[in-house]
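Construct the entire structure; sequences and hints are all you get.
If you read the protein sequences in the order shown, they are chains C and P. Per my numbering, the first sequence starts with residue 1, numbered consecutively. Per my numbering, the second sequence starts with residue 249, numbered consecutively.
Just so you know, the hints here were simulated from the structure itself, not pulled from any lab data.
Using 25 Å as the maximum straight-line C-alpha spacing, the simulated SDA-like pairs for lysine to any residue come out as follows:
#1 Lys89/C to Arg642/P
#2 Lys177/C to Thr569/P
#3 Lys89/C to Gln572/P
#4 Lys89/C to Ile646/P
#5 Lys333/P to Ala400/P
Treat the numbers as computed from the prediction; the structure is a model and nothing was measured.
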Amino acid sequence: MTSEAPAREAAGARAGPPLIVLEGVTKIYGAGQAAVHALRGIDLEVERGEFVAIMGPSGSGKSTAMNILGCLDAPTSGYYRFDGHEVGKLTRDQRALLRRNFLGFVFQGYNLLARTSALDNVELPLIYQGIRGAQRRQLALDALARVGLGGRETHDPSELSGGQQQRVAIARAIVGKPEVVLADEPTGNLDTVTSREIMDLLSELNREDGVTILMVTHEPDMAEYAHRIVNFVDGRVESDRPNAHRVA
Amino acid sequence: MLWETVRLAFGAIMRNALRSFLTVLGVIIGVGAVIAMVTVGQGSTSQVESDVSKLGTNLLMIRPGQAGQGPGSPGGAYAQSLTLKDADAIEEQIYSVRAAAPSTARSMTAVFGNENYTTSVAGTDNRFLIARDWQISDGRQFYESELRSGAASCILGATVVKELFGNYNPVGETIRLKQISCRVIGTLEAKGASSFGSDEDDRILMPVRAFQRRIAGNQDVSIIFVAVHSGASTEKAKGEIERLMRERRRIAPGEDDDFSVMDMKQISSMLTGISTVLTGLLSAVAAVSLLVGGIGIMNIMLVSVTERTREIGIRLAIGATERQVLVQFLVEAIVLSLIGGFLGILLGLGLALIGARWLSVPFQPDPSIIALAFLFSALVGILFGFFPARRAARMDPIEALRYQ
Numbered sequence: 001m002t003s004e005a006p007a008r009e010a011a012g013a014r015a016g017p018p019l020i021v022l023e024g025v026t027k028i029y030g031a032g033q034a035a036v037h038a039l040r041g042i043d044l045e046v047e048r049g050e051f052v053a054i055m056g057p058s059g060s061g062k063s064t065a066m067n068i069l070g071c072l073d074a075p076t077s078g079y080y081r082f083d084g085h086e087v088g089k090l091t092r093d094q095r096a097l098l099r100r101n102f103l104g105f106v107f108q109g110y111n112l113l114a115r116t117s118a119l120d121n122v123e124l125p126l127i128y129q130g131i132r133g134a135q136r137r138q139l140a141l142d143a144l145a146r147v148g149l150g151g152r153e154t155h156d157p158s159e160l161s162g163g164q165q166q167r168v169a170i171a172r173a174i175v176g177k178p179e180v181v182l183a184d185e186p187t188g189n190l191d192t193v194t195s196r197e198i199m200d201l202l203s204e205l206n207r208e209d210g211v212t213i214l215m216v217t218h219e220p221d222m223a224e225y226a227h228r229i230v231n232f233v234d235g236r237v238e239s240d241r242p243n244a245h246r247v248a
Numbered sequence: 249m250l251w252e253t254v255r256l257a258f259g260a261i262m263r264n265a266l267r268s269f270l271t272v273l274g275v276i277i278g279v280g281a282v283i284a285m286v287t288v289g290q291g292s293t294s295q296v297e298s299d300v301s302k303l304g305t306n307l308l309m310i311r312p313g314q315a316g317q318g319p320g321s322p323g324g325a326y327a328q329s330l331t332l333k334d335a336d337a338i339e340e341q342i343y344s345v346r347a348a349a350p351s352t353a354r355s356m357t358a359v360f361g362n363e364n365y366t367t368s369v370a371g372t373d374n375r376f377l378i379a380r381d382w383q384i385s386d387g388r389q390f391y392e393s394e395l396r397s398g399a400a401s402c403i404l405g406a407t408v409v410k411e412l413f414g415n416y417n418p419v420g421e422t423i424r425l426k427q428i429s430c431r432v433i434g435t436l437e438a439k440g441a442s443s444f445g446s447d448e449d450d451r452i453l454m455p456v457r458a459f460q461r462r463i464a465g466n467q468d469v470s471i472i473f474v475a476v477h478s479g480a481s482t483e484k485a486k487g488e489i490e491r492l493m494r495e496r497r498r499i500a501p502g503e504d505d506d507f508s509v510m511d512m513k514q515i516s517s518m519l520t521g522i523s524t525v526l527t528g529l530l531s532a533v534a535a536v537s538l539l540v541g542g543i544g545i546m547n548i549m550l551v552s553v554t555e556r557t558r559e560i561g562i563r564l565a566i567g568a569t570e571r572q573v574l575v576q577f578l579v580e581a582i583v584l585s586l587i588g589g590f591l592g593i594l595l596g597l598g599l600a601l602i603g604a605r606w607l608s609v610p611f612q613p614d615p616s617i618i619a620l621a622f623l624f625s626a627l628v629g630i631l632f633g634f635f636p637a638r639r640a641a642r643m644d645p646i647e648a649l650r651y652q
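Right, here's the structure in full:
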């Protein structure tokens, strides 16, 4: 298992262009006097299998960058290529298909469907992928087992702790076998011990399953789990360095 | 995928069972009211139709004045009356006519001993029994001599017998009509059910001349019942009667008739017309409540879309297309209003059953109306669900996820 991940990482790097390429990406909200320049020209490349932490003070544009990376939003100008697709040129629905097949999301507030069992929550992306019945159920059960929640399938989010809810959210993010998991402050609502558990889980998924992870955080402790730390300030990349003190 | 969506919609509806029920209450009441109105209306229409067909399909009625005109209108109540000779002429000159019975009637109080009872007294002759296909149950018909001389003999309908004599056989007794003493010579067979809401058995027959001379004081005949031979065309006989009557009443070519010949089809359509119009009006009111019900659904769907903004955001982020979200909410609205339609149909049939019993008309639920109501409630769902569903589908996933 452990030997597989670096191999894939290396293969991804060698097999051609990086998974994610941002070139001079800007994002402007509003117009004229009221225009807000959230991103002022971002250049970023992410290879397959990387674990990248994006840091920066609030208002630095890291969330905007995350929305663009997650294909939830299109850049105002500049160039974003995801796995060969030029995202800026895609329609809303084409971006939805890209998210469905290649991306998984983990949010700070978990964003699980209320009054819906853990299993049904995890099955949700598979419904949109058109996977049916028993196969869908099995994939969802596998994903829940992968995040260590075997036996809690029938629980509603309200019956689970914050850490468990975030595990369900991670299971939902990985159940569709995405290329990239985008995690937006995944430990923001959790205590330190639980945060570490969640970060261990993300690292494990990255290491063992080769999932590329992009994570926004403002906690340096959590960023230490990443291969690489990108710092945003005022809508620009201020620093982009490999993480020397990587945890685990 | 569709079945998935329907199941999902059921889940969402059941999660808010009470609110969902209150939402569809408008549709339930609307559909229920339409079904009840139409079912009872059709029941009463078919009641009238069967009443009319009891009169016999080969019956024609001739009246002075034009049908459908009120008194006072040209050729209305003031039109020249019919005569006994008209009836004779029709019977003699038109080959397909089996019998033409003149009749003129008035409401009077009949007295026997201590009993008195107000009924309709008609002056006519034996041809009335032929034309109306009526049998004598006890006693006999009028003798020719009685008819000619205008003797005061009478034949009683079953209701009159019951009211004045109870179970006692009245034949041979004498009753009093105003100041006239009248000998009972026979009784009519009971017709049973009522027609047009009036009791057919509630009548007394007496010789037309006696009636004209001693009660009416004129020579008028207010109606002629004509029976056409079975197998002969009623239409054709009607045309011939109209031609003959125009001649007899000296109506110039081009002038309108000042009499009317109605066949059972016309009478039936005249009577059912009333109940059809009423049914239509009441159904229109009911349809308005269905519309209000639809607006209720739209209102709640809009609330639901707002409430579930975050859910919509999650679905969009996970990879739902605009269309999939639209379909999800649309299906939810349709399922909701179909549930309402289904409950409404049950309610409507229940009300119709009670109403039909109460009005003593037949209970005949019409499958096509039920299907239509079901279809219509689906339509309400589509129509009023579309706008909220589109609003959901067009949400910005980022905004939606941020929504608290």
